[in-house]
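Participant: Residue numbers (this note's numbering), protein chains in the order written: chain G, 1 to 380; chain A, 381 to 688.
It is possible that part of the hints are untrue.
To be verified - From chain A, some residues computed to sit far from chain G (all C-beta separations above 10 Å):
#1 S386
#2 F394
#3 M396
#4 W497
#5 M560
#6 S660
Unchecked claim - In silico lysine to any residue, SDA-like type, Cα no more than 25 Å apart, as pairs:
#7 K145(G) to P489(A)
#8 K586(A) to S635(A)
#9 K313(G) to T615(A)
#10 K487(A) to A338(G)
#11 K313(G) to K586(A)
#12 K145(G) to L490(A)
#13 K487(A) to V148(G)
#14 K487(A) to L346(G)
To be verified - If you anchor each label on the Cβ, the simulated ranges turn out as follows:
#15 G173(G) to W563(A): 54 to 62 Å
#16 Q94(G) to Y486(A): 52 to 60 Å
#17 P112(G) to L665(A): 18 to 26 Å
#18 G388(A) to L134(G): 45 to 53 Å
None of these hints come from the bench; they were simulated from the model. All values derive from a computational prediction rather than experimental measurement. Backbone N, C-alpha and C fix where the C-beta goes; we use that ideal spot for every residue, glycine too.
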Amino acid sequence: MIINSRFFNRSELMGFIALAAVLFVILPLTLDVFRLNLVAKYLTYAFVAIGLVLCWGYGGILSLGQGVFFGLGGYCMAMFLKLEASSVENTKIQSTPGIPDFMDWNQITALPFFWQPFHSLTFTILAIILVPGLFALIIGTAMFKRRVGGTYFAIITQAVAAILTILIVGQQGYTGGINGMTDLRTLKGWDIRPDHAKIILYFVEVVLLFACIGIAQFIRLTKLGRILVAMREQEDRVRFSGYSVANFKIFAFCMAAIFAAIGGAMFALNVGFMSPSFVGIVPSIEMVIYTAVGGRMSIFGAIWGAILVNFAKTSLSESFPQLWLFGLGALFIAVVLAFPNGLSGLWADYVQPRIDRLFASRKAKADWADNSVADGAPAE
Amino acid sequence: MFGDYSIGDLGSIFVMQGFAGLILFSVYVLMALGLAIIFGQMGVINMAHGEFMILGAYVTWMTSNLFQAYLPSLFSGYFFLAMILAFLASGALGMLVEWVLIRHLYKRPLDTLLATWGLSLMLQQAYRSVFGAREVGVELPQWMLGSLRVTDSIEVPINGVFVMCLTVLITIAVAYVLYMSRWGRQVRAVVQNRVMAGAVGINTEKVDRYTFGLGCGIAGVAGSAFTMIGSTGPTSGQLYIVDTFLVVVFGGAASLLGTIASAFSISQTQSTLEFFMSGSMAKVLTLLAVVGILMLRPQGLFALKVRK
Numbered sequence: 001m002i003i004n005s006r007f008f009n010r011s012e013l014m015g016f017i018a019l020a021a022v023l024f025v026i027l028p029l030t031l032d033v034f035r036l037n038l039v040a041k042y043l044t045y046a047f048v049a050i051g052l053v054l055c056w057g058y059g060g061i062l063s064l065g066q067g068v069f070f071g072l073g074g075y076c077m078a079m080f081l082k083l084e085a086s087s088v089e090n091t092k093i094q095s096t097p098g099i100p101d102f103m104d105w106n107q108i109t110a111l112p113f114f115w116q117p118f119h120s121l122t123f124t125i126l127a128i129i130l131v132p133g134l135f136a137l138i139i140g141t142a143m144f145k146r147r148v149g150g151t152y153f154a155i156i157t158q159a160v161a162a163i164l165t166i167l168i169v170g171q172q173g174y175t176g177g178i179n180g181m182t183d184l185r186t187l188k189g190w191d192i193r194p195d196h197a198k199i200i201l202y203f204v205e206v207v208l209l210f211a212c213i214g215i216a217q218f219i220r221l222t223k224l225g226r227i228l229v230a231m232r233e234q235e236d237r238v239r240f241s242g243y244s245v246a247n248f249k250i251f252a253f254c255m256a257a258i259f260a261a262i263g264g265a266m267f268a269l270n271v272g273f274m275s276p277s278f279v280g281i282v283p284s285i286e287m288v289i290y291t292a293v294g295g296r297m298s299i300f301g302a303i304w305g306a307i308l309v310n311f312a313k314t315s316l317s318e319s320f321p322q323l324w325l326f327g328l329g330a331l332f333i334a335v336v337l338a339f340p341n342g343l344s345g346l347w348a349d350y351v352q353p354r355i356d357r358l359f360a361s362r363k364a365k366a367d368w369a370d371n372s373v374a375d376g377a378p379a380e
Numbered sequence: 381m382f383g384d385y386s387i388g389d390l391g392s393i394f395v396m397q398g399f400a401g402l403i404l405f406s407v408y409v410l411m412a413l414g415l416a417i418i419f420g421q422m423g424v425i426n427m428a429h430g431e432f433m434i435l436g437a438y439v440t441w442m443t444s445n446l447f448q449a450y451l452p453s454l455f456s457g458y459f460f461l462a463m464i465l466a467f468l469a470s471g472a473l474g475m476l477v478e479w480v481l482i483r484h485l486y487k488r489p490l491d492t493l494l495a496t497w498g499l500s501l502m503l504q505q506a507y508r509s510v511f512g513a514r515e516v517g518v519e520l521p522q523w524m525l526g527s528l529r530v531t532d533s534i535e536v537p538i539n540g541v542f543v544m545c546l547t548v549l550i551t552i553a554v555a556y557v558l559y560m561s562r563w564g565r566q567v568r569a570v571v572q573n574r575v576m577a578g579a580v581g582i583n584t585e586k587v588d589r590y591t592f593g594l595g596c597g598i599a600g601v602a603g604s605a606f607t608m609i610g611s612t613g614p615t616s617g618q619l620y621i622v623d624t625f626l627v628v629v630f631g632g633a634a635s636l637l638g639t640i641a642s643a644f645s646i647s648q649t650q651s652t653l654e655f656f657m658s659g660s661m662a663k664v665l666t667l668l669a670v671v672g673i674l675m676l677r678p679q680g681l682f683a684l685k686v687r688k
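Just need the whole structure built from these sequences, with the hints factored in.
Facilitator: Shown next, in the form of structure tokens:
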């Protein structure tokens with residue numbers, strides 16, 4: 001099944017080691033808890049970026065609705081946490097104790113039926129994977145089986161993002177409206193708010209991130225990954241060769257949705273709230289931009305893109321709020337016009353050859369030394 | 381849902397809501413006309429289309445302020461000049477953008493989406509820096525205020541009637557330019573077969589630039605009309621962009637008639653539903669219906685039969 005017998009080639013292995021070193025060792029040692037928590041927030045977008053590399057970079061399917069899946073995952077997690085935070089003791093002052101505060105404010109007196117199963121953590125974890133997965137399956141089947149792709153698909157996923165945002169904002173009583181679900185406190189009785197919990201959650205997230213990297217890399221190396229690339233380049237030929245193009249596209253889209261949902265769930269845990277401002281059109285396009293800046297063809301590049309763009313966003317919008325939008329806009333245009341493969345493309349074009357040359361010249365020197373010793377030996 | 385109203389009341393409600401829908405329809409049509417040219421004809425996804433519209437709105441606002449300050453006697457007629465200025469400003473910016481940005485991306489339609497999104501962010505920030513973050517409203521001349529009384533229970537605002545007449549005129553003008561004039565024939569020739577059009581002596585680059593400029597210019601006029609019925613802020617354009625894309629896609633991308641028909645059905649559905657439920661649910665149901673129909677019929681309402 002796996003075509004390439006090595007899981008990572010050398011440059012990927014270097015990328016893997018570098019990322020692992022930074023995320024597991026350097027950042028936790030150098031940053032305070034507040035900044036580390038910010039990194040955890042950025043990393044939730046890295047999950048989305050991995051999904052987009054598979055579905056957009058490899059499969060050629062541009063989805064502008066990743067915020068939908070991010071949001072669905074996030075809201076599933078937030079619903080569980082919110083229910084736990086709204087126990088009868090915590091909500092004594094409400095007119096109906098035991099339901100989330102925003103429901104009480106909106107004169108709802110009983111927990112709606114679709115909230116009931118979220119009392120169970122097992123159900124919640126399953127829902128985080130299955131709800132976005134099934135939703136992507138439905139959209140994907142409806143679109144790809146009819147050979148809708150490219151720009152049309154992008155616009156329709158964008159419309160879906162708009163619909164979900166309007167729905168969440170409009171149905172305040174069931175979803176918390178524009179403020180979202182705030183004041184999330186505990187996970188199975190374990191407080192998620194203090195510093196040590198944030199550090200643990202950070203490491204849980206990084207481990208999950210590497211698991212997702214592993215899955216994505218595995219998909220890339222199997223025949224499936226090759227078919228995705230072939231499909232992107234010459235869809236008709238793949239179809240004529242007897243493959244069901246639609247099924248492969250649906251698969252890539254569903255995987256991207258599930259990755260995004262995991263990111264969303266980690267967002268709810270790490271940041272402690274979930275709101276429609278992470279669901280709609282603008283965040284969905286921003287997610288695509290992180291991927292494009294990092295490099296749509298490279299898993300590690302996209303992760304760096306998510307981290308760096310968000311870092312720039314936080315620091316620049318703190319100090320120069322006016323410049324930030326100009327900078328971001330210019331960055332998109334530059335990425336598209338000047339370096340379509342993003343940071344990883346720049347790395348592969350300019351930095352990697354130098355490193356290779358460095359290694360090559362050392363190796364050549366070593367070879368030369370070996371040879372001279374070998375040549376010298378018989379002369380003695 | 382209908383229980384509390386008598387038949388006569390319901391009739392009036394439908395007429396009044398229908399009229400409110402017609403104003404929405406006018407804005408949709410004006411926005412969508414430009415987009416239908418740019419997206420439908422050229423295949424460029426212009427996410428900055430809303431910002432071109434807002435530029436037209438700001439030009440109108442500035443013109444009205446200038447007239448108020450220096451030519452108060454001619455104030456009642458400022459709107460016509462403002463519209464022309466809005467068309468020229470947005471059209472010129474559009475041609476500049478085409479020259480700097482879009483012409484490098486004709487072979488990568490999905491990338492035009494990202495680049496123009498970046499452009500829209502920059503334009504929004506530019507508007508915010510120049511005009512301020514607050515929404516601005518245009519003062520309407522006296523003759524546009526008030527409303528026409530059709531029957532006892534039905535009233536229609538004059539500015540709405542004016543915007544609608546304007547929409548009809550512009551639509552006819554665009555249809556004439558695209559389907560009757562020599563230049564329109566060149567545009568359609570380039571769209572249908574770029575290489576062949578070039579071979580028979582059409583300057584395809586120039587046609588592209590003017591087509592893009594025309595689309596953006598119409599967006600500017602849409603913005604000008606938009607000031608008649610709402611206030612303008614730096615991010616107002618973004619509110620309409622998704623709806624407008626849906627209108628164009630729903631109508632069948634390359635068809636002018638389809639664009640108008642879909643703008644009509646979407647705006648009417650939305651404004652009729654709005655009376656019976658909250659505005660957000662009306663919008664959700666309308667968009668869901670559109671997406672649902674598009675999933676069943678991806679080519680849109682009026683599809684041209686093209687071999688690909």
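Participant: Which numbered conditions among the earlier hints are violated in the structure presented, ordered from lowest to highest?
Facilitator: Checked against the structure, the hints that fail are numbers 4, 6 and 11, while the rest are satisfied.
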